[in-house]
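Please construct the entire structure, taking both the sequences and the accompanying hints into account.
Line by line, the protein sequences give chains H and P.
The first sequence begins at 43 in the numbering used here and counts up one residue at a time.
The second sequence begins at 43 in the numbering used here and counts up one residue at a time.
The hints are simulated quantities; they were obtained by calculation from the structure and are not laboratory data.
Do not take every clue at face value.
You can't tell identical chains apart in this list, so a pair holds if it fits in one copy or across any two.
[Claimed, not checked] With a straight-line cut-off of 25 Å between C-alpha atoms, the simulated DMTMM-like cross-links for lysine to aspartate or glutamate are:
1. Lys-370 with Asp-249
2. Lys-76 with Glu-374
3. Lys-236 with Asp-55
4. Lys-229 with Glu-261
5. Lys-248 with Glu-261
6. Lys-236 with Glu-273
7. Lys-260 with Glu-353
8. Lys-229 with Asp-271
9. Lys-260 with Asp-356
10. Lys-248 with Glu-273
11. Lys-370 with Asp-271
12. Lys-260 with Glu-144
13. Lys-229 with Glu-273
14. Lys-236 with Glu-69
15. Lys-396 with Glu-318
16. Lys-370 with Glu-104
17. Lys-339 with Asp-313
18. Lys-248 with Glu-353
19. Lys-388 with Glu-273
20. Lys-229 with Asp-313
21. Lys-248 with Asp-356
22. Lys-388 with Asp-356
23. Lys-370 with Asp-127
24. Lys-370 with Asp-356
25. Lys-339 with Glu-212
26. Lys-370 with Glu-273
27. Lys-370 with Glu-68
The primary structure of each chain is shown beneath.
There are 2 protein chains.
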Amino acid sequence: MEARNFSYQHLFDFSKSVFVSIGCSEEHALIASKVLLSADLRGVDSHGVARLSGYIRLWEKERINARPNIHVVHETPSTAVVDGDAGLGLVVAPFAMEVAMEKARQVGTGWVSVKNSNHYGIAGYHSMMATAQDMIGISMTNASPLVSPTFSKERLLGTNPISVSIPANEEPPFVGDMATTTAANGKLEMLQRKGQEAPQGWVQNKDGLPTTNASGVKEGGALLPLGGDREHGSHKGYILGSVVDIFSAVLSGANYGPWVPPFVSFLEPSDNPVGEGLGHFFGAMRVDAFRPANEFKQHMDTWIRRFRNSEAADPLQPVQIPGDVERKMEKERRSTGIPLLDPVVKDLSELAEKFDLSL
Amino acid sequence: MEARNFSYQHLFDFSKSVFVSIGCSEEHALIASKVLLSADLRGVDSHGVARLSGYIRLWEKERINARPNIHVVHETPSTAVVDGDAGLGLVVAPFAMEVAMEKARQVGTGWVSVKNSNHYGIAGYHSMMATAQDMIGISMTNASPLVSPTFSKERLLGTNPISVSIPANEEPPFVGDMATTTAANGKLEMLQRKGQEAPQGWVQNKDGLPTTNASGVKEGGALLPLGGDREHGSHKGYILGSVVDIFSAVLSGANYGPWVPPFVSFLEPSDNPVGEGLGHFFGAMRVDAFRPANEFKQHMDTWIRRFRNSEAADPLQPVQIPGDVERKMEKERRSTGIPLLDPVVKDLSELAEKFDLSL
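Take a look at the structure:
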């Protein structure tokens, strides 16, 4: 499939103009674009500008509020619940992460559960906010149900990602950012486009049986929890996805499990919701709430170097630290631009036309 | 292999007598036995009395201190670091979990990283302490290096389990308790005894290549992170195991990665340790620090019922909630007793002889 390269700045400015066009404040349009584009920079193409038109369609259906009053509805010294007022998750999430970090400044750690939000972009953006402050950042979110628990043929969980970012001293931070499924939905969509089969352990069909059909999810099947099947530990992926769901939504009062509203605008949310919008969960821990920050960060350097320099099974494929691949991609794309596939360019051109902008 | 049944009370009394024999206080012997035996009750046979002689051998080598001064070395309102003083992890862990829960009472949540400890039994015992107090409990620990990061042929991580326990109202609590590997080492040992092959994705050989040899780990290979290989998400198991290692040991000042001291007494700890003993990490979150406890617990009932009643792929294999299997086992074993394999009975008989006790 053909692709065209766009500079980061160009796509950022375009995205910001689109968000301003639907009524977002300058400040919200800026932060939303920064979060959205961070996915493209880091190579998580499925969560970047390719989704911009999806957010706009949700706004057109009045399922996203461009002028939200995002606010804390309950708190203790180390916790808070934030109501996103149906705002863009891209804006709600950084607000909530700031609340977590402020609490960490006060009492060592801060933990914030969020309701009434929407898709928040890549989990890693939010956890990474903490590392420059010598804090560990944690970010997770529930999402539209696409995943079946072990033994089930129903879709009850989202790909429910977890991200943990940890500062080091001379080394770059450790940035883990992972869906709690074997494979992300974006990877399946790539295989569909190429007409290729999916590996075993990624997908089950509508009867709950293993399949290598890359369109299995679209045809009523489901993504599988990390592990793939019971013998390979899928009950562990199911535990992880469930914990993300409960921390994000049962703690906050958002929708959970099969009630989580779909991201795509052509599917309607549940008639009998169990909460408001979808949910996120954030944590911030000051490292000096445990030991002096310089000590901690020097040991992180030792940890990172020992792992990175460990003997590889294949010398051509060195051992990597979580975050390495994305950092390399970001460096490259900041210099040579972000490649967008033709259908994405077409999508953005339609947005440009709709709001009288130029792409 | 032959097995004999013993009552819970019998094994508990025996274990307590053994701990008293090495010099533990009555109080410590009691809690250590309770934690140890909880593994046998819940069906995690590899972590129960089968390990009692292992703890005693470490004490004989002066690597476990029977009279530890377990104490907080640093704290903030929501965090603490605990020094286990080389005590039994079985005793250090409940102490640290109590500290986390007391902090949660004060400021909403409590987070405790522990150094200078030893093997702490099953992760789930400690996280479950929280649920009766209407708190979410979190427990994790690092462990002797047996696991290779994705692409590596060195063993740099332990099976590093994570447990999360969450209270419900009428339903029993959600209790997730999982190693961050595809399969636990205990399962491999079972296959070895039976002379059977291991499934693909559990083990790699000493060259870092996939193997179905159930003795692969003993022959210089390694267990694989949850996911098994890169295509099935082993980099995610590697992230999870790493986060457990860092929270447990880099935050506290314990040994991490390949420096974690081995549980078996015939292997010596590193000559150049990067910290003290091994590390754990505990969290406690008061659910009413987020929303009223009854609201939260009623929604947990809804969550649990929706998942438990979801349509199964095979009607003979219903969908389970994390904790269901272990609760069923505990009920059964409290009534009919705990089966111990002959080698374990022999091991305990030798302990009885050594300390002039009767099994």
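Now for the hints, and whether the structure bears them out:
no., hint, in the structure
1, Lys-370 with Asp-249, "neither (41 Å within a copy, 28 Å between copies)"
2, Lys-76 with Glu-374, "within (18 Å within a copy, 55 Å between copies)"
3, Lys-236 with Asp-55, "neither (32 Å within a copy, 64 Å between copies)"
4, Lys-229 with Glu-261, "within (16 Å within a copy, 36 Å between copies)"
5, Lys-248 with Glu-261, "within (7 Å within a copy, 42 Å between copies)"
6, Lys-236 with Glu-273, "between (30 Å within a copy, 17 Å between copies)"
7, Lys-260 with Glu-353, "between (41 Å within a copy, 19 Å between copies)"
8, Lys-229 with Asp-271, "both (19 Å within a copy, 16 Å between copies)"
9, Lys-260 with Asp-356, "between (36 Å within a copy, 22 Å between copies)"
10, Lys-248 with Glu-273, "both (20 Å within a copy, 23 Å between copies)"
11, Lys-370 with Asp-271, "between (33 Å within a copy, 22 Å between copies)"
12, Lys-260 with Glu-144, "neither (42 Å within a copy, 48 Å between copies)"
13, Lys-229 with Glu-273, "both (23 Å within a copy, 11 Å between copies)"
14, Lys-236 with Glu-69, "neither (40 Å within a copy, 65 Å between copies)"
15, Lys-396 with Glu-318, "neither (30 Å within a copy, 63 Å between copies)"
16, Lys-370 with Glu-104, "neither (38 Å within a copy, 47 Å between copies)"
17, Lys-339 with Asp-313, "between (49 Å within a copy, 23 Å between copies)"
18, Lys-248 with Glu-353, "between (43 Å within a copy, 11 Å between copies)"
19, Lys-388 with Glu-273, "neither (44 Å within a copy, 31 Å between copies)"
20, Lys-229 with Asp-313, "neither (31 Å within a copy, 45 Å between copies)"
21, Lys-248 with Asp-356, "between (38 Å within a copy, 12 Å between copies)"
22, Lys-388 with Asp-356, "neither (41 Å within a copy, 44 Å between copies)"
23, Lys-370 with Asp-127, "neither (36 Å within a copy, 43 Å between copies)"
24, Lys-370 with Asp-356, "within (20 Å within a copy, 45 Å between copies)"
25, Lys-339 with Glu-212, "within (8 Å within a copy, 45 Å between copies)"
26, Lys-370 with Glu-273, "between (35 Å within a copy, 20 Å between copies)"
27, Lys-370 with Glu-68, "neither (30 Å within a copy, 57 Å between copies)"
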